[in-house]
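K.L.:
For the protein sequence lines, the chains are V and P, in the order given. Position 28 (the first sequence) corresponds to 27 in numbering that gives the first Met the number 0; numbering is contiguous. Position 13 (the second sequence) corresponds to 12 in numbering that gives the first Met the number 0; numbering is contiguous.
I should point out that these hints are in silico values taken from the structure, not numbers from a laboratory. Here a beta-carbon is modelled for each residue, glycine too, at the ideal position from N, C-alpha and C. Possibly wrong hints are sitting among the right ones.
[Claimed, not checked] Listed next, with one range per pair, are the computed distances between beta-carbon atoms: (1) V:ASP28 <-> P:ALA19: 27 to 33 Å; (2) V:GLN80 <-> P:LEU64: 15 to 21 Å; (3) P:ASP56 <-> V:ARG84: 31 to 37 Å.
[Stated by the list, open to error] Just so you have them, the derived chain V footprint on chain P, three or more residues with Cβ under 8 Å: (4) 22-36; (5) 51-61.
What follows is the residue order along each chain.
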Amino acid sequence: MLDAFSVVAIVAGLVFFLAGTVGLLRFPDAYTRLHALTKADNLGVALVVIGLLPQMDGLLAALKLVLVWLLVMLSSAAVSQLIARSVRRREPCE
Amino acid sequence: MLSAGAFIVLMVALGLVRVARGPGRAERMMAAQLLGTGAIGALLLFGAASGDGAMFDVALTLALLSAFASIAFVKFALRQDHQVPDDDAVEGAR
Chain V
0 MLDAFSVVAI
10 VAGLVFFLAG
20 TVGLLRFPDA
30 YTRLHALTKA
40 DNLGVALVVI
50 GLLPQMDGLL
60 AALKLVLVWL
70 LVMLSSAAVS
80 QLIARSVRRR
90 EPCE
Chain P
0 MLSAGAFIVL
10 MVALGLVRVA
20 RGPGRAERMM
30 AAQLLGTGAI
40 GALLLFGAAS
50 GDGAMFDVAL
60 TLALLSAFAS
70 IAFVKFALRQ
80 DHQVPDDDAV
90 EGAR
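Chain P with its partners taken away, still in its complex shape:
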């Protein structure tokens, strides 16, 4: 299980190449999303391997928080583009 978790960490590290190379902001945000998901999976595996219940709590918190980064990014990108605002963008500007 430790090696499985290490494999996920390696995959996420490879995915970070997309952050450096990505042509747009959306690609960088996708790599950040993969980072969050991979960290959750690796924490679950490490927690099961070590028998430490606290790691599951960390994974749970990360599952809650990692969504907010991407949502904040989308709100920011929509506001910055100054295109036709839909109700979501209006809500974000309020």
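One chain only, chain V, in its complex shape:
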């Protein structure tokens, strides 16, 4: 049931989740932390979805997974821009 493609893609997604969490904990300032977070958001969920796509039995379930992925991409892009802008606004210009 679990073919090699799914395992490879899901493990790659897990690596990006790990990298995002470590970056969020270890990076020095807000911008680099945001950079690490968006890797976990986009690539982590994207690779997990790609890995799960061959396991779906129906077209509707596969479309639902793709819809989840598109929503995550859209909201993560918008939210990272908004958070970066609020951080930038709070710091005085140098």
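Starting from the known structure of chain V, arrange chain P on it as the hints suggest.
P.N.:
Leaving out everything else, chain P in the frame of chain V:
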């Protein structure tokens, strides 16, 4: 797949350390964003492992809703700072 989902949950729990330790509100919000994304990924993996289609619906709803928390945070932070309002902040105050 269950272990992959458990790994994501563990990563998110580690990311919550940033909520406790984070110097600013933006860092705490980033950890909340990671929580939302990680929950989506874990729900997808658990749903595929258990064959329960309802979990995909929960992940879809979470993908829709998790963006709103961060957007509300940014609107609130911009309004509270009393700096030069841009059109977004004016729109939020309206």
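K.L.:
Confirm or reject the claim that GLN80 of chain V and LEU64 of chain P have a C-beta distance inside 15 to 21 Å.
P.N.:
holds (19 Å)
K.L.:
At a Cβ distance under 8 Å, does chain V reach at least three residues of the segment 51-61 of chain P?
P.N.:
holds (count 5)
K.L.:
If I claimed the Cβ atoms of ASP28 of chain V and ALA19 of chain P lie 27 to 33 Å apart, would that claim hold in this structure?
P.N.:
For ASP28 of chain V and ALA19 of chain P the Cβ distance comes to about 18 Å; the hint is violated.
K.L.:
When you take the CB atoms of ASP56 of chain P and ARG84 of chain V, is the distance between them in 31 to 37 Å?
P.N.:
Since the Cβ atoms of ASP56 of chain P and ARG84 of chain V sit about 32 Å apart, the hinted range of 31 to 37 Å holds.
K.L.:
Three residues minimum, CB to CB under 8 Å: does the segment 22-36 of chain P make the cut for coverage by chain V? Let me know.
P.N.:
holds (count 9)
Checked against the numbered hints above, the structure breaks only hint 1 and satisfies the rest.
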